Amino acid sequence: MIVAIAAAEVAFWVVLGAGLLSRYVLRRPGLSRVLLLCVPLVDVLLLAFVVIDIAAGAPPSQGHALAAIYLGVTVMFGHSMVAWADVRFRHRFAGGPAPVKPAKGSRDAVRALWVEWFRVVGAVAIAAVLVLGMIAVRGVGVPDGLDAASKDPYWGSLTLMAVVTAIWFLAGPAFAGRGRADALTPR
Numbered sequence: 084m085i086v087a088i089a090a091a092e093v094a095f096w097v098v099l100g101a102g103l104l105s106r107y108v109l110r111r112p113g114l115s116r117v118l119l120l121c122v123p124l125v126d127v128l129l130l131a132f133v134v135i136d137i138a139a140g141a142p143p144s145q146g147h148a149l150a151a152i153y154l155g156v157t158v159m160f161g162h163s164m165v166a167w168a169d170v171r172f173r174h175r176f177a178g179g180p181a182p183v184k185p186a187k188g189s190r191d192a193v194r195a196l197w198v199e200w201f202r203v204v205g206a207v208a209i210a211a212v213l214v215l216g217m218i219a220v221r222g223v224g225v226p227d228g229l230d231a232a233s234k235d236p237y238w239g240s241l242t243l244m245a246v247v248t249a250i251w252f253l254a255g256p257a258f259a260g261r262g263r264a265d266a267l268t269p270r
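In this note's numbering, the protein residues as written are 84 to 270.
To be clear, the hints were calculated from the coordinates, so they are not data collected in a lab.
Quantities reported herein were computed from a predicted structural model and do not represent experimental measurements.
Even for Gly, the Cβ is constructed at its ideal location relative to N, Cα and C.
Keep in mind that the hints are not guaranteed to be accurate.
To be verified - With a cut-off of at most 25 Å between alpha-carbon atoms, the simulated SDA-like pairs for lysine to any residue come out as follows: (1) Lys-184 - Trp-251; (2) Lys-184 - Arg-194; (3) Lys-187 - Ala-168.
As the list claims (entries may be wrong) - Computed Cβ-Cβ distance ranges for the label pairs, DEER-style: (4) Leu-109 - Gly-224: 53 to 59 Å; (5) Val-225 - Gly-140: 19 to 25 Å; (6) Pro-180 - Arg-111: 18 to 24 Å; (7) Lys-234 - Arg-116: 42 to 48 Å; (8) Asp-136 - Lys-184: 37 to 43 Å.
All chains should be built: construct the whole structure from the sequences, respecting the hints.
Put into structure tokens, the structure is as follows:
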């Protein structure tokens, strides 16, 4: 399962890179559109692989839960990763403007922290639904306590996702304040 996740991550960047290269270097917008539309296909293939593996009776594993987390992250962050790469490719290969980022401590920077954290919450929600679906297929109930939950690959992953989300909140927007009004700065 870990190999499938690694292959999906490599395929994501290869397909994205090929789409952007065909757009900006080869000047083939039609091919670029087709390739960029294939980026979500990588996620669909990984999801199909996980479903087939579980349906075939594979024992619960951290790999299954990690695949759910990967899918949640790519659904919530995939578009922003594509936009991030597109701006840099356009700047490097097509004379586009330099990428900009909000000045540290500005209102725009604080807003970006909140947007990123809400994406994390969305990714965790998607992953949790997928993991809970795996738990339902497996037919096992709720563990008696945190110790029992931590030993189960699915319930342990749900616990870990909650902890990571809380830490992300505390490290990101929780203490960022309101920010000051500043202009964007080049990256």
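Going down the list of hints, with the structure as the test:
Restraint check for Lys-184 and Trp-251: satisfied, since their Cα atoms lie roughly 20 Å apart, inside the 25 Å limit. Our distance criterion of 25 Å between C-alpha atoms is met by Lys-184 and Arg-194, whose separation comes to about 12 Å. A distance of roughly 21 Å separates the Cα atoms of Lys-187 and Ala-168; the hinted pair therefore holds under the 25 Å criterion. The beta-carbon spacing between Leu-109 and Gly-224, approximately 55 Å, falls within the hinted interval of 53 to 59 Å.
Checked against the hint of 19 to 25 Å, the pair Val-225 and Gly-140 passes, with Cβ atoms roughly 23 Å apart. For Pro-180 and Arg-111, the hinted distance range of 18 to 24 Å is satisfied, since their beta carbons lie about 23 Å from each other. In this structure the supplied range 42 to 48 Å holds for Lys-234 paired with Arg-116, their Cβ-Cβ distance being about 47 Å. A beta carbon spacing of about 40 Å between Asp-136 and Lys-184 agrees with the range 37 to 43 Å that was offered as a hint.
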